[in-house]
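Each chain, written out:
There are 2 protein chains.
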Amino acid sequence: MTFDQWMRASLDRVETALEHYLPGTDVAPTKLHEAMRYAVLGGKRVRPLLCHAAGELTGAGSQQLEAASAALEMIHVYSLVHDDMPAMDNDDLRRGKPTVHVQYDEATALLVGDALQSQAFVALTADNGLSAAQQASLTRELALASGSVGMAGGQAIDLESVGRKLTRPELETMHRKKTGALLCAAVRMGALCGEEPDAAAMSALDAYAAAVGLAFQVVDDILDVTADSATLGKTAGKDAKDDKPTYVSIIGLDASHELVAQLGRDAHAALAPFGPRAGWLGELADLVVNLVH
Amino acid sequence: MTFDQWMRASLDRVETALEHYLPGTDVAPTKLHEAMRYAVLGGKRVRPLLCHAAGELTGAGSQQLEAASAALEMIHVYSLVHDDMPAMDNDDLRRGKPTVHVQYDEATALLVGDALQSQAFVALTADNGLSAAQQASLTRELALASGSVGMAGGQAIDLESVGRKLTRPELETMHRKKTGALLCAAVRMGALCGEEPDAAAMSALDAYAAAVGLAFQVVDDILDVTADSATLGKTAGKDAKDDKPTYVSIIGLDASHELVAQLGRDAHAALAPFGPRAGWLGELADLVVNLVH
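Those protein sequence lines, which keep their order, are chains G and S. Counting from 88, one number per residue, gives the positions in the first sequence under our numbering. Counting from 88, one number per residue, gives the positions in the second sequence under our numbering.
A couple of the hints might just be wrong.
When the alpha-carbon atoms are kept at most 25 Å apart in a straight line, the in silico BS3-like pairs for lysine-lysine are as follows [what the hints assert, rightly or not]:
hint, chain 1, residue 1, chain 2, residue 2
1, S, Lys252, S, Lys131
2, S, Lys328, S, Lys118
3, G, Lys118, S, Lys252
4, G, Lys331, S, Lys131
5, S, Lys184, S, Lys328
6, S, Lys331, S, Lys184
7, G, Lys118, S, Lys331
8, G, Lys252, S, Lys118
9, G, Lys331, G, Lys252
These are computed hints drawn from the structure, not numbers from a lab.
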């Protein structure tokens, strides 16, 4: 199987899983369920892909990976819906469509995010092929990664840092929480869907995810200044306009490019112990790096 | 032990559990963790008390009930914080204090709610004495009760019904989701913290919780027109001002009082099969009924 074939097959499974785990638009309250599906539509499905690729290392089954992937994507989308709201980043374009509070209203956006978060944990604890022990451990991974010491905490630091000059370590801490924690959970959860990996394997996966997560953020910062809104599917140039600290503003464009390349090499180094089974994880790291090359 | 002694002991355990399961204010991001604790402070702890009382029926241990109670209260508080925001009910007083978005700001309120929801699932899957099977089943109960087919769904229906004339069955459906689902989960989760109850016991508990949950809502509607803001700790007369459908507006004050009394009798009838072990659950039903007698 080529990487492209694997990607297409995995993406198909993720869409099927989201379709399965999101409440139907015929279920009351129908407007809320429509809006939840509107929010989830589109997107690159980076977290589900990382989850599926990591599952290859531990022989995880499709059904198990689908539940974990759907849960990860629901958490990611809830965070986008809330972050886009006027009280936060106040953005009106996401994945090439009007954001949820623009398409519907602010109250609906608030509830869509809230309900997507709950639904993620419903998916993890459904009749999904995972053992009770796996359901409990995946719930814990996802809850910690998305909560106040993870993603929500990173967003809090982000809001406090607007207009302030961050040092590079401060910027890295923010991103490690805001986007890194959930990307790391995606890799860990994928691996935990199969035979439980040992501590050394988990820590190698953490190192891989940390490198890819940071690369992903630096790429995002680069594209914000080099790409246009149509390409991004969201408003370009917004970081500078909002006076947000970014890698480009702190270390410059050239050094940001060099950093992305270095992080790609770090990701591959972390995967070395796994040999060829880690092939898709390596390809996904390259995919991120190549977005700016 | 008298009911008052049991209440005091249970409430002490709930405060200890919340203290234990909420991240410390010395943990980064400190402002977010402070705001989470500010939001959780105060409150009658109705859901934790129902959880503890139901645990008596199945020999549930304290440690297990504390984790479940803390999770329930965090979900309840997250819903209050989000419901109070300007995009929803726009209220500035809660539990006798300024609401979170007034005391801090809207972005913080949004993140406090989001992070409290995650933290509830962290508490359920911590090293808390619950087996993996119990952690998974409690996670599922709580996620379903708080999501789009439960609490968040009820809030969506509530928002759509402002200014519209609801029938009594429509009003009941809304409340069954908006407040009933989480109260029902509180009772079920308490029971599930011990020896797993059989289907007949669970369905008796559901009937009890449905009666208490509805009584609780009718009482709330009555107090909104008969009590003042200082007594309530939140803005009185707000339902009428917002043109919200309530039991008082649909069936009148006298019939609302009679309904509360009937629901109290229904709650006791549902508990009959359990005998004296259900004593605290019966007393809690009386407590709700007596708020308006």
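For each hint, the structure was consulted:
1. S/Lys252 / S/Lys131: 31 Å, violated
2. S/Lys328 / S/Lys118: Between S/Lys328 and S/Lys118 the Cα gap is close to 34 Å, so the pair fails against 25 Å, i.e. violated.
3. G/Lys118 / S/Lys252: Holds, because 19 Å separates the two Cα atoms, which is no more than 25 Å.
4. G/Lys331 / S/Lys131: This hinted pair is violated, its Cα atoms lying about 41 Å apart.
5. S/Lys184 / S/Lys328: Holds, at roughly 21 Å.
6. S/Lys331 / S/Lys184: Holds, at roughly 23 Å.
7. G/Lys118 / S/Lys331: At roughly 19 Å apart (the allowed maximum being 25 Å), S/Lys331 and G/Lys118 satisfy the hint.
8. G/Lys252 / S/Lys118: 19 Å, holds
9. G/Lys331 / G/Lys252: 9 Å, holds
In summary, the structure is inconsistent with hints 1, 2 and 4 from the numbered list given earlier, while agreeing with the others.
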